[in-house]
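Asker: Listed below are the residues making up each chain.
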Amino acid sequence: MTAVAVARPARFRPARALRLEIKHSPVAWTLPVLAVIFYLDTYRTATGLPPTWAYHASVITGHMLTYICVFGAGLAAWAGTREGRRKTGDLLATTARAAWTRKATVLAATAFWMVLAFLAETAVIYVQTAGQTTWGGPPLWPVAVGVVCTITACAIGFTAGTLFPGRFTAPIIAVAVFVLEFVGFKAVDDTYDFRFSGGSYAVLTPGQGLPHLVEAGVFYRIPPDVSIAQLIFMGGLLLVAAGLLALSPAARVPGVRGLSLAAAGGRALAVLAAAAVAGGVAASATAYSLAGTAQQSSLTGNWEIPALHDAASDRPVPYTPVCTSAAFPVCIHPAFDGYLDAVSAALQPAAAEVAGLPGTPVRAELAVDDALPAAAGTTSVYGYSGTGAGSIGGSWFGGPPGEVINAIWTQGYQQSFLFWFVSGPAQNASGNPDPAQQAVADALLAKIGAPAPDLAPPQKAGGPPVSQSGPAGAQASAAQIAAAASRFGSLSPAARRAWLTTHVAALRSGAITLAQIP
Amino acid sequence: MTAAGVETPPVPPVPPAPAAGAARPGRLAASAARLAWLHLRSRRGPAAIAALTACAVALRAVLHWQLTSGGAAAQQIPMIIEAGAAVVIAVTTHSPFGEAERTTGRWLPFLRLGAVLALTGAAIGLLQLGVTGVSLNDGVLTLARNVIGLTGIGLLTSLVTGGLLAWILPLGYVGFAEYALAEAWRNPWTWPARPPTDRGAWICAGAVFAVGVLAFALRGARARLADDA
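Protein chains in written order, with the numbering used here: chain A, 1 to 518; chain B, 1 to 229.
These are computed hints drawn from the structure, not numbers from a lab.
Ideal Cβ placement from N, Cα and C applies to all residues, glycine included.
There's no promise every hint is true.
[As the list claims (entries may be wrong)] Restraint-style ranges between C-beta atoms, simulated for each label pair:
{"#": "1", "chain 1": "A", "residue 1": "G48", "chain 2": "B", "residue 2": "W107", "range": "51 to 57 Å"}
{"#": "2", "chain 1": "B", "residue 1": "R199", "chain 2": "A", "residue 2": "G209", "range": "30 to 36 Å"}
{"#": "3", "chain 1": "B", "residue 1": "G125", "chain 2": "A", "residue 2": "D189", "range": "28 to 34 Å"}
{"#": "4", "chain 1": "A", "residue 1": "L40", "chain 2": "B", "residue 2": "R27", "range": "52 to 58 Å"}
{"#": "5", "chain 1": "B", "residue 1": "F97", "chain 2": "A", "residue 2": "L92", "range": "33 to 39 Å"}
{"#": "6", "chain 1": "B", "residue 1": "L35", "chain 2": "A", "residue 2": "A285", "range": "33 to 39 Å"}
{"#": "7", "chain 1": "A", "residue 1": "W135", "chain 2": "B", "residue 2": "G125", "range": "42 to 48 Å"}
{"#": "8", "chain 1": "A", "residue 1": "W135", "chain 2": "B", "residue 2": "R186", "range": "33 to 39 Å"}
{"#": "9", "chain 1": "B", "residue 1": "L218", "chain 2": "A", "residue 2": "R86", "range": "46 to 52 Å"}
{"#": "10", "chain 1": "B", "residue 1": "G200", "chain 2": "A", "residue 2": "S490", "range": "43 to 49 Å"}
{"#": "11", "chain 1": "B", "residue 1": "G125", "chain 2": "A", "residue 2": "A123", "range": "54 to 60 Å"}
{"#": "12", "chain 1": "A", "residue 1": "S325", "chain 2": "B", "residue 2": "A184", "range": "42 to 48 Å"}
{"#": "13", "chain 1": "B", "residue 1": "R199", "chain 2": "A", "residue 2": "A327", "range": "57 to 63 Å"}
All chains should be modelled from the sequences, with the hints used to inform the complete structure.
Answerer: Here you go:
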């Protein structure tokens, strides 16, 4: 009797298998396409946004994630169809390794490439943002959502490809994900149309679009409520996809096609996979119900989910304003430091025109959030707006300083300041100066070389212009106002200043008529 | 050892020569039809028709339940579904026979040409049928232009990647076209973002389709799969 050396099966080395799959993954073919779309869509969009981290981070989930998920799902489905496409199912069924290890390796390789592409593009966006912003840091929640969403899309596509290994599976999955994402965008738009009216399930859509306030994440932190709900929801879908993938060999008839339950890893794996499916469904359902309770805060403008909300995030973020040392100091939040010189340059001539008059403010500050400035004569600080709220000119921080600052933008701040100065609490409430206030403001604007504004009630930036309406505007024609403005403007500076010193309080209270203007 | 005992196999009877004249055109037509049908089946033509029908149903559902945004954005989801129809056509270019078919198939260019034209026509017809009775933004002209242009991109892609991965570039182009639509680009080569009467957009889409169809008909999709390397 002789001893026969029995070769022990080689130990499974997942790292080597993963490296081989990564090397042969078809995703590499799509990287040039992803890079081109990234530049044309995401990068160009980000360069035209206001220089805040929240705004720039919104393109990660709103633009970039869209096509990353589309291609991730499609390519994962393509990878999932490989055994069916090459008809190697029976051959691989005879191997010693369980089917789920083989499939998981292929899925991991596909997800690796897609997550790598996502992180690389995110890094480019954040590096570009770091060069533009002056305050704050990169938000990490959108990155976490993006990574989980990418892996989930890959898992769903791979599972579909494994279960339905046909030539149409990959493109159909990719198109289906594409359509679902845009349906989600539509749901988000619909939700914002009815904001403040209650919760919405559309917050589960990763791409929430651009923040509706320029100051998003500046005065108040953006709470992670929605991101957490999205992570729970997509994590649930990921578990379901992974569970179905592990169950798929067991779902087939052994010996006919595919792998047997034993080859798939035995009963323990089947139980584990079933538990994953059940847990995933439960997690997604929980996130869905949480999303239904979401409400948009009237204070911060952010979505909040009560069960996930931390009240600490409602507190204002402390900051030290940045101010100019000009004759009329102008202060701004450091996040908008890039606009400071332009705002100061716009306000200096307007402030000089009314310097020394009763109620003249001693400095200007950026109004916190969406607040209207306090009425002239009641405060020593002029609160200018960066969103156009309360501003007759409607200038706002709607893009990078180099792109939005021009003559019209500058004149908007001058118009806002002088109209605010001659108007009182009533104008602050209604948004409409009376004809006398309008005539005086027009005359002062003419003195500093700014045109009279096309008056409209205060509106959010980007909104359509609204024609003048209201009782004050209806009482006098434009010609009468222009004549009074011309008359007042023809006075000598000393006479004009003397009349304003005496009458500005009455003018603000609405007691002056056009005929009383000298 | 001799071969005296070896019997020769029986010679099969030679079929009688067909009578010249009347029966020949009918047989030719039947053969051509059978050849075209076999070609379509080898490219999963029936499944492609089913997939195109599914696209039409999806388009109908999107419009019926008003899942699209208003304004220019109303074209976003229909554009994706039209791209879905185009990539289905592009994927049918894959041949399961590879080089063997190329060396023996004399009529292959005509079969490819006929198959692609038939499927493109079917796609436009089915999608239009799907939106009958509901309002499709920009109408059938934009639908047809998107389908033929994106199909052209898919056919050109199939020359490089093979038929099975020919969906990548059309979907990538649509991803960019969504951005062009949102930004109201005016270049003719962004034809999905242009109105149906834009002549330059039609020329671009038609040129891409013509080049794609001709190149595909003459050369066929790449036989070796892109991920076989």
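Asker: Run every hint past the structure and note whether it holds.
Answerer: The hints, checked one at a time:
no.: 1; hint: A/G48 with B/W107: 51 to 57 Å; result: holds (54 Å)
no.: 2; hint: B/R199 with A/G209: 30 to 36 Å; result: holds (34 Å)
no.: 3; hint: B/G125 with A/D189: 28 to 34 Å; result: holds (32 Å)
no.: 4; hint: A/L40 with B/R27: 52 to 58 Å; result: holds (55 Å)
no.: 5; hint: B/F97 with A/L92: 33 to 39 Å; result: violated (24 Å)
no.: 6; hint: B/L35 with A/A285: 33 to 39 Å; result: violated (54 Å)
no.: 7; hint: A/W135 with B/G125: 42 to 48 Å; result: violated (57 Å)
no.: 8; hint: A/W135 with B/R186: 33 to 39 Å; result: holds (37 Å)
no.: 9; hint: B/L218 with A/R86: 46 to 52 Å; result: violated (28 Å)
no.: 10; hint: B/G200 with A/S490: 43 to 49 Å; result: violated (55 Å)
no.: 11; hint: B/G125 with A/A123: 54 to 60 Å; result: violated (47 Å)
no.: 12; hint: A/S325 with B/A184: 42 to 48 Å; result: holds (43 Å)
no.: 13; hint: B/R199 with A/A327: 57 to 63 Å; result: holds (59 Å)
Hint violations for this structure: numbers 5, 6, 7, 9, 10 and 11, all remaining hints satisfied.
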